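Below, each chain spelled out in residue letters.
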Amino acid sequence: MFQSIEELVNLAENYSSVAEMMIQIEMENSGRSKEAILQQMDDQLKVMEKAVEKGVRGVQSVTKLTGGDAKKLASYLDSQETLSGTTILTAVRNAIATNEVNAQMGLICATPTAGSAGVLAGVLSAVTEKLKLSRLQQIHFLFTAGAFGLVIANNASISGAAGGCQAEIGSASAMASASLVLLKGGTAFQAGQAVAITLKNMMGLICDPVAGLVEVPCVKRNALGASQAFISADMALAGIQSVIPPDEVIGAMKQVGQQMPSIFKETAEGGLAVTPTGKAIAAKLAANPQKTI
Amino acid sequence: MTEQRFKSVFDIIGPTMIGPSSSHTAGACRIGKVVRTIFGEEPKKVEIYLYDSFAKTGLGHGTDIALVGGLLGMDPDDSRLASSLKLAYEHNMDVSFSMKKEKADHPNSVRLIVSNGKKTLNILGISIGGGSIQISELNGFKIHLSLGTPTLIIVHKDLPGMISKVSSILSQNEINIGTMTVTRVSKGDQAIMIIEVDQKPNKQILEELRQISKLESANFFE
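Chains as they are written, first to last, in the numbering used here: chain A, 1 to 293; chain B, 1 to 222.
Careful, some of the hints might be misleading.
Said to hold, decoys possible - From the structure, some residues in chain B lie toward chain A, with a derived Cβ separation under 10 Å:
| no. | residue |
| --- | --- |
| 1 | D11 |
| 2 | S23 |
| 3 | T57 |
| 4 | G60 |
Quick caveat, the hints were computed from the structure, so don't treat them as lab data.
Nothing here was measured: the structure is a model prediction, and the numbers come from that model.
Glycine included, every Cβ here is placed at the ideal spot set by N, Cα and C.
Please build the complete structure, drawing on both the sequences and the hints.
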């Protein structure tokens, strides 16, 4: 098993693709058949697709704090020429949809976490539409993302409580950007560059959920994490390289996560959670036994 | 790199789960389910102590609901999860929550003390991110159970020969033991074996283990 991006990139040369390498390693580690592993990934993909569909139709969270924004974006996309383009905005719409379903206590697939579940689902569904991907290509996209995600999880963190939001939306966006690069015919090395480019921009992002809920700002951070994956991927495909190599960026991300005060690590004691509006929402929810606003 | 905590691609792409938080909801549910499994039955009395981030944002993330859902035997994708507190009430499960001020080794830590009359189990669980969990303490013993690897949990009476009976069934079926932890409540009382295995035992092997006299439960976690 690869321990770093460098090892991942080198090891991938022995396989037909990063996805195929991940599948083979999963088979060796779990003793399960290729069919069973592909089937499980297909099942995860089905959950992602259903969450997107449900969210785009319009949902409201348990607290009524979030919901309905995916639907707004859907009408906007349908009605006019947009500034940032259809593919990115479709990804953004679907990312929002997924996290609105998550906040509603609906069924989602954590990628790598529930709070960041919209990024990969949003990016994959949008690029599937744009490039008319086959089912197998979509499944491979997820194995590739998982491979890069494993390196980040084992060398830094994918937990907001341990590493801040950089560990959640940052990791998710980096994984998505790496998969996009390989899907578009880029190399594993370029995918690693996309990971570095993405994580450098996410570095230091704090986890400051209003009232301790996975709603504000999480839903919108998923939207922007999805959009960033496309930009990083395009930059890497253009041949742009990160001056700081991806493994060093991940090392820095780990350090930043450890140095980050705990008020910024999913405790709702800092950042947006303690703005006047953030505090007012928390107080209102605490006073209401129905836990709605 | 100190430790390969995440091993499977499905630790990253997954689990499929009821929202809103993989660490505070899905991880909490898994901790609850592991506790129930090790306990061997549904506990009647449950004391839950939440630390740090679990204490501060746990209720907003449904950590309470998820822990209880797990104790009721639910998985993270169970659609009944949202109504677990009501279900616990209907099952006459007496549940109490306390928020602890002191720091824990990991921000997402929870201590569960479950009992059923004379039998008590005390477990410290941590949720390390993305729904993955570890059990770091069991009845006062420091243990390291990651559940990222296939693990057998066997609850049995503390008698001579139990370990050899279990290990011989595993070896006959060509299942290799990676690590093994054995601990007990007190001498001659209830004991627990936590066995990390390299191959997955099938239903038949689990049945064979359950046939061992004085063995209370045998469960497998992938």
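**Request:** Mind listing which of the numbered hints don't hold for this structure, in increasing order?
**Result:** none
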